[in-house]
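Line by line, the protein sequences give chains A and B.
Residue 1 is where the first sequence starts when you use the working numbering, and the numbers rise one by one after that.
Residue 1 is where the second sequence starts when you use the working numbering, and the numbers rise one by one after that.
Hints in this document: simulated from the structure, not taken from any laboratory.
Everything numeric in this text was worked out from a predicted model, so none of it was measured.
Ideal Cβ positions, reconstructed from N, Cα and C, are used throughout, including at glycine.
Check each hint, because a few of them may be wrong.
Computed cross-link-like contacts, EDC-like style, restricted to lysine to aspartate or glutamate with a CA-CA straight-line distance of at most 20 Å [claimed, not checked]:
(1) Lys-66/B to Glu-105/B
(2) Lys-2/B to Asp-50/A
(3) Lys-2/B to Asp-87/B
(4) Lys-5/A to Glu-116/B
Here are the computed distance ranges between Cβ atoms for each label pair [said to hold, decoys possible]:
(5) Lys-71/A to Pro-73/B: 29 to 35 Å
(6) Asp-94/B to Arg-17/A: 32 to 38 Å
(7) Pro-112/B to Ser-37/A: 15 to 21 Å
(8) Gln-28/B to Pro-93/A: 29 to 35 Å
(9) Lys-78/A to Ile-67/B: 41 to 47 Å
(10) Asp-90/B to Lys-3/A: 50 to 56 Å
(11) Ser-97/A to Asp-64/B: 46 to 52 Å
(12) Thr-54/B to Ile-82/A: 34 to 40 Å
(13) Asp-48/B to Arg-17/A: 47 to 53 Å
(14) Lys-92/A to Asn-111/B: 51 to 57 Å
(15) Ile-82/A to Gln-28/B: 53 to 59 Å
(16) Val-88/B to Asp-42/A: 36 to 42 Å
Output of the computed footprint for chain A on chain B, the stretches with three or more beta carbons under 8 Å from beta carbons of chain A [what the hints assert, rightly or not]:
(17) 38 to 47
(18) 99 to 113
Residues per chain, in single letters:
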Amino acid sequence: MAKKKVAMELGMGTSLRRQDYTKAAIRALQDALWHNSLTMADAFGFSREDMIVEVEIGVQKPEAVDIEAVKAILPYGKGSVIVVHGGLDIAKPADKSLGKPPADTDKTVIANAAVNVFFNMQPATNKGASA
Amino acid sequence: MKRLILEMGTGNDLYGEDYTKAACRAVQDALHHSSLVLFRSLGLSHEDMQVNVTIGVQKPDSVDTKIVADELPRGNAVVTVVKGGLDVHDKDNDTCSVIATAAVEACLDINPDDWELTR
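Excised from the complex, chain A in its bound form:
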């Protein structure tokens, strides 16, 4: 027995004006992480550093996300980040006074984040021996 998923956390983040996909991804990750306080490591008698933290980000331009910058948000554990095509981009309304359609850069960027938390764990093999 080995890697066991113990929790999943979900979040959403945006970049309203700068089309910054990394910033949106970081905010989505922070939204996911800071809505919850995981105390499972303590409950099982493990260290928080034993946590395996796998982050999945969804944005419309995955190649624009700085993965190391996103990973730097994780406060502890063994972290990894993957980015897939997802999230949502929404074009801003056309500026009628300029008489032109919105440019590709005039959009609101939304990122989704899912954080999966694992431990390499199993039922104690020497159960009762320490009692």
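With chain A held as given, fit chain B onto it using these hints.
Just chain B now, with coordinates in the frame of chain A:
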């Protein structure tokens, strides 16, 4: 009982001044930012889970705790309400928006001696 997670959320009732509705929405917000996957992964039972819900609103007496407790799908839920949250008064338009904060603690009787890390 060991606490597994503290889930936090916020909810509001913008125009109805319904503190129970705001509290229920806060609980839903708290619940749906995470999933306690370990019950499936480790074969644990939800029925043994103790769920402590604390609601913060400006008028605690206006919250129907029975209705809030029904928002919790699993475990044994105990709901307490304290003065907190925020009421946003708009004097110009004679409206009041009520904001509720929810803290949901999930606890389980885990014996650390029953589990170990694998290398």
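Go ahead and decide if the range 53 to 59 Å is satisfied by the Cβ distance of Ile-82/A to Gln-28/B. 28 Å, violated
Range first: 34 to 40 Å. Now tell me if the beta carbons of Thr-54/B and Ile-82/A are that far apart. About 36 Å separates the Cβ atoms of Thr-54/B and Ile-82/A, which means 34 to 40 Å holds.
Pair hint Lys-5/A and Glu-116/B, alpha-carbon separation not exceeding 20 Å: 15 Å, holds
Okay, Lys-78/A versus Ile-67/B on CB: inside 41 to 47 Å? Since the Cβ atoms of Lys-78/A and Ile-67/B sit about 42 Å apart, the hinted range of 41 to 47 Å holds.
Verify this for me: three or more residues of the region 38 to 47 of chain B with a beta carbon less than 8 Å from a beta carbon of chain A. holds (count 3)
Please work out if Lys-2/B and Asp-50/A have their alpha carbons no farther apart than 20 Å. 18 Å, holds
That 32 to 38 Å hint for Asp-94/B and Arg-17/A (C-beta), does it hold up? Given about 34 Å between the Cβ atoms, the range holds.
Mind checking the hinted window 46 to 52 Å against the Cβ distance between Ser-97/A and Asp-64/B? Distance hint for Ser-97/A, Asp-64/B holds at roughly 51 Å.
Outcome for the supplied range 15 to 21 Å, where the beta carbon pair is Pro-112/B and Ser-37/A: 19 Å, holds
Hinted pair, alpha-carbon criterion (20 Å max): Lys-2/B, Asp-87/B. Please report holds or violated. 34 Å, violated
Starting from the range 47 to 53 Å, see whether the pair Asp-48/B and Arg-17/A falls in it by beta-carbon distance. 48 Å, holds
Does Lys-66/B pair with Glu-105/B here, judged by a C-alpha cut-off of 20 Å? Distance of about 17 Å is within 20 Å: holds.
Checked against the numbered hints given earlier, this structure breaks hints 3, 15; the rest are met.
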